[in-house]
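Q: First to last, the protein sequences are chains A and B.
Residue numbers for the first sequence follow the numbering used here, beginning at 261 and rising by one.
Residue numbers for the second sequence follow the numbering used here, beginning at 25 and rising by one.
Bear in mind the hints are in silico, worked out from the structure with no lab data behind them.
We put the beta carbon where it would ideally sit given N, CA and C, even for glycine.
Worth double-checking, as some hints may not be accurate.
Subject to a maximum C-alpha distance of 20 Å in a straight line, what follows is the list of computed SDA-like cross-link-like pairs (lysine to any residue) [said to hold, decoys possible]:
hint, chain 1, residue 1, chain 2, residue 2
1, B, LYS138, B, MET252
2, B, LYS140, A, ALA304
3, B, LYS140, A, ARG269
4, B, LYS140, A, VAL469
5, A, LYS303, A, ARG269
6, B, LYS140, A, PRO449
Rough simulated footprint, nothing fancy, chain A against chain B, three-plus residues with beta-carbon under 8 Å [stated by the list, open to error]:
hint, region
7, 113 to 122
8, 134 to 145
9, 207 to 218
Now for the letters of each chain:
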Amino acid sequence: MLQQIEGSRAVAETVARCRPEVVCAYPISPQTHIIEAIGAMVKAGELTPCEFINVESEFAAMSVSIGASAAGARAYTATASQGLLFMMEAVYNAAGLGLPIVMTLANRAIGAPINIWNDHSDAMAARDAGWIQLFAETNQEAADLHVLAFRLAEELSVPVMVCMDGFILTHAVEGIDVPEQGDVDAFLPRYEPRQVLDPAHPISIGAMVGPEAFTEVRYLSHLRQLDALELIPALAAKFALAFGRPSGGLVHSYRTDDATTVVVAMGSVLGTIKDAVDQRRALGDRVGVVGITTFRPFPFEEVRRALSGAHRVVVIEKAFSVGYGGVLAADVASATHDMSLTLHSVVAGLGGRAITQHSIESILDDAAAARLPSVTFLDLDRDIVNSERARIGERRRSGPSAENVLSDLGSVASRIG
Amino acid sequence: MTRRSVRFYQVGSFAVGNRLLEDADRTIQSDPNRSDSLDSGHRACQGCGEALGARYALDAAMRATNGRLIAVNATGCLEVFSTPYPETSWRIAWLHSLFGNAPAVATGVAAAMKVKGMNDVRVVAQAGDGGTVDIGFGCLSGTFERNDDVLFICYDNEAYMNTGVQRSGATPPGARTATTEAVGPNPGNVFGQGKDMPRLAMAHGIPYVATATVADLHDLENKVSRAMELRGARYLHVLVPCPLGWGSASCDTIKVARLAKETGLFPVFEAVNGVVTSVSTIRHRTKVESYLSIQSRYRHLFTGPGRPDIVAHIQAIADRNIERYGLVDGARDQDLREALT
């Protein structure tokens with residue numbers, strides 16, 4: 261049933277219908293509304309049996325999840341940004357142990373400078389942790405991906421991170437069809453752990469592994485992720501049959517059939533890009549979009565197929581590797597290394613800066629006119645940058661850059677655009 | 025804890041002899057049907073206090089729970105010497121995750137048991153002093169504050185032994201470690217630091233806090249049994265000498281542990297709901313020199329002119345403990361009086 265609700269609420273209700281048995285929570289914006297709603301459901305007795313544990317840190321949140329999952333309980337938590345970094349040791353550990361924990365990541369920038377708004381720096385920091393990473397384009401997909409995530413995680417014994425853009429999705433109210441309990445129950449079987457702490461059948465989990473076997477154990481993790489490349493499309497097809505709408509999958513192409521220029525992106529910005537593409541199509545430009553839903557494991561084959569007709573690819577992403585450039589762009593470049601196309605990396609939307617349709621269209625203009633460098637920072641204020649660079653050049657104690665830039669801007673409040 | 029009014033001591037030692045006791049009063053470890061939770065064949069050093077303490081503690085916990093036990097282990101000596109892949113010395117359900125998160129992992133296991141209605145399955149978490157008072161302290165405090173149904177056992181050997189004897193927040197003043205070398209005008213660990221973890225645990229108001237040493241294994245077993253009778257967060261702090269890190273003879277582990285208690289440097293007590301309810305009194309009050317001088321980590325206090333000033337500072341700590349916990353206030357005499365009446 262379509263309801264006008266907040267994205268966080270839809271995710272909370274969907275997670276509840278997945279019948280998690282242990283949910284632990286440590287608050288961090290913009291994840292708070294999700295865990296607040298689940299906490300209320302448990303306290304009211306609407307979600308039962310479920311243990312809702314208010315932990316003292318994100319490190320504990322993931323650690324409690326590890327214990328619960330190893331003891332055979334379906335475990336869920338949610339975090340963002342600094343929280344993900346703070347729990348990172350346990351994030352790697354959960355994947356290394358092969359525990360099918362599901363976690364929502366309400367994507368947010370990472371400081372310093374501290375910033376609570378959306379970008380994908382947090383997800384990229386966990387790129388190599390061994391988690392499957394799914395990116396939601398809409399709130400409907402954010403909700404649906406959680407049902408898929410539990411099924412995927414438990415089938416493969418791999419943890420899954422559902423990434424949804426902080427505020428842009430988590431705090432947006434729109435029409436969302438929260439998966440019905442009966443449908444979820446039919447889609448998501450009971451959790452049957454592959455390994456479990458059971459006093460009747462005692463095993464040791466978490467032994468020390470030396471050079472004699474470490475490579476093999478790690479390679480098995482890699483294979484499980486490669487298995488996910490097969491399983492994710494199969495589950496998406498099953499999901500579409502069961503719920504009557506498409507959600508999940510590896511990549512999604514939009515108007516790419518005869519497109520010579522294709523934009524690649526992840527998350528909610530795809531909506532804006534599609535609007536820009538529609539605009540361009542109306543003018544006769546052969547442009548299209550490829551949205552990456554599954555970032556890890558990276559779907560090399562599907563990306564290649566989706567970009568097979570393109571001469572020019574523009575990867576727009578909300579994160580970058582400092583001193584390198586776009587992270588997703590590097591993966592796309594790797595996937596298309598033997599294809600004859602020109603690739604541009606556009607870093608955009610950092611720390612919540614709006615990515616407007618106008619800016620995307622100007623990128624497309626620049627790309628078409630061969631004016632677009634290989635790495636671009638969208639809507640970068642060069643005057644401000646140059647002013648701080650000059651200050652740094654002029655004197656040794658030039659002060660903190662963040663404060664200097666704000667001072668130059670004369671800005672005391674946040675400007676999103 | 026069941027306190028016996030009469031104790032039978034073996035001739036020439038402080039140890040309570042099993043052979044002189046009724047079967048019911050003997051240690052759980054002396055029972056041929058003990059669970060052997062931490063089985064032989066592991067790779068602990070000769071004379072390891074931690075291996076001894078863990079074996080007694082977990083067998084007692086297994087007895088108390090009728091074998092319905094899950095153990096969570098922090099990274100450290102106990103984890104490394106017991107589970108070099110693909111071997112394991114654990115004959116119980118056992119999970120190792122990370123160094124600093126054992127209390128939280130145990131909370132998760134306990135939550136899973138609760139949600140599944142398996143209330144008979146109990147959870148023990150164990151860590152060394154580093155995993156308890158330093159890197160695991162945040163998680164442990166959280167587990168205490170929520171009163172999660174976990175018995176947390178700290179095997180305190182007073183430094184990071186697994187990594188090569190570096191100072192921890194539980195390293196005593198004056199002790200030499202690899203990061204507090206016995207050099208300079210103030211050799212060894214500084215004074216005025218170090219966490220008194222049992223008292224910090226008590227400050228959380230949890231149902232049960234106790235300390236023990238491997239010198240009195242009856243007492244250790246009794247405290248584990250007592251802890252397992254209770255629900256909620258419980259803390260047991262066990263002093264486990266480390267021959268490698270302390271520079272004591274591997275045959276002296278029990279002796280060193282006993283002297284820690286008899287000098288007053290390591291008070292042995294129980295506290296219920298944040299209040300001390302019993303103490304193990306000192307049988308033969310002993311100066312700290314007798315404890316310090318048999319450990320090479322304190323050698324700098326006794327070589328050349330020695331450092332009587334530092335020894336006096338350490339004695340002052342022992343004296344403060346004796347006063348604070350009433351370690352020589354006649355409780356033992358009371359035992360004797362009860363026996364005689």
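Q: Determine for every hint whether it applies to the structure shown.
A: Status of each hint after checking the structure:
| no. | hint | in the structure |
| --- | --- | --- |
| 1 | B:LYS138 x B:MET252 | holds, 16 Å |
| 2 | B:LYS140 x A:ALA304 | holds, 19 Å |
| 3 | B:LYS140 x A:ARG269 | violated, 26 Å |
| 4 | B:LYS140 x A:VAL469 | violated, 31 Å |
| 5 | A:LYS303 x A:ARG269 | holds, 16 Å |
| 6 | B:LYS140 x A:PRO449 | holds, 16 Å |
| 7 | 113 to 122 | holds (count 9) |
| 8 | 134 to 145 | holds (count 9) |
| 9 | 207 to 218 | violated (count 0) |
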